[in-house]
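Undergrad: Fit chain C to the known structure of chain R by using the hints.
Read top to bottom, the protein sequences are chains R and C. Under this note's numbering, the residues of the first sequence are numbered 1 to 117, in order. Under this note's numbering, the residues of the second sequence are numbered 1001 to 1110, in order.
These aren't lab readings, by the way, just hints derived from the structure by calculation. Here the structure is a predicted model, which is why all the values come from computation and not from measurement. Take every hint as true, because none was put in to throw you off.
For the chain C half of the interface with chain R, some residues (derived, Cβ under 8 angstroms), not all of them:
| # | residue |
| --- | --- |
| 1 | HIS1033 |
| 2 | GLY1042 |
| 3 | MET1048 |
| 4 | ILE1086 |
| 5 | THR1102 |
| 6 | GLY1103 |
Don't be surprised by glycine CBs; every beta carbon is placed ideally from N, CA and C.
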Amino acid sequence: DTEVTQTPKHLVMGMTNKKSLKCEQHMGHRAMYWYKQKAKKPPELMFVYSYEKLSINESVPSRFSPECPNSSLLNLHLHALQPEDSALYLCASSPTGDRGLANYGYTFGSGTRLTVV
Amino acid sequence: KNEVEQSPQNLTAQEGEFITINCSYSVGISALHWLQQHPGGGIVSLFMLSSGKKKHGRLIATINIQEKHSSLHITASHPRDSAVYICAVRSAGTASKLTFGTGTRLQVTL
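Same shape as in the complex, but just chain R (with noise of 0.2 angstroms):
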């Protein structure tokens, strides 16, 4: 399996809903990470996990809520989202390596679109 697959691929929530975005890969990757992509523009970093840990934090707003239950999954928790927060929301995954061992590459999700009205 070498895919990052991501559910759901459309989503429309209201401004006071709660729901979660789901990342699953199997290709043994330790690092997984979370985008934003608004249109036209390229995708901004939100968040990073390093074997299950929370390693990079985008001064995110508080209302996206990552978590990293096991090395397969990741998730990000969403809460009184605003309308500016529509966008493309991708995950991706890279196996881990140490300092200076550039041979290893990033896998990408299709991403779930997301909608707040």
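TA: Positioned in the frame of chain R, the structure of chain C alone reads:
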């Protein structure tokens, strides 16, 4: 100035043309990625480079570490190559982040 600059921003080509997309970066990197994204879709990793040149089918990617520059070439372009091509650089570290360029929107017409 962005850390990763791509050119051109938009590119229209006729089927069969040779295409070059350029990427320049200003930071130290451990690797450079070329990514492809179709409209509304997820991202596909095309190449990861730390030196030299790589080829996959009609795609060729090169990198010059000293000049901090990379190019993506598409030979014999086809309408199915129409997509956004994104250059992204990776900093050193075990779980390091990608810094993305703004992308090149390629349209290949018949």
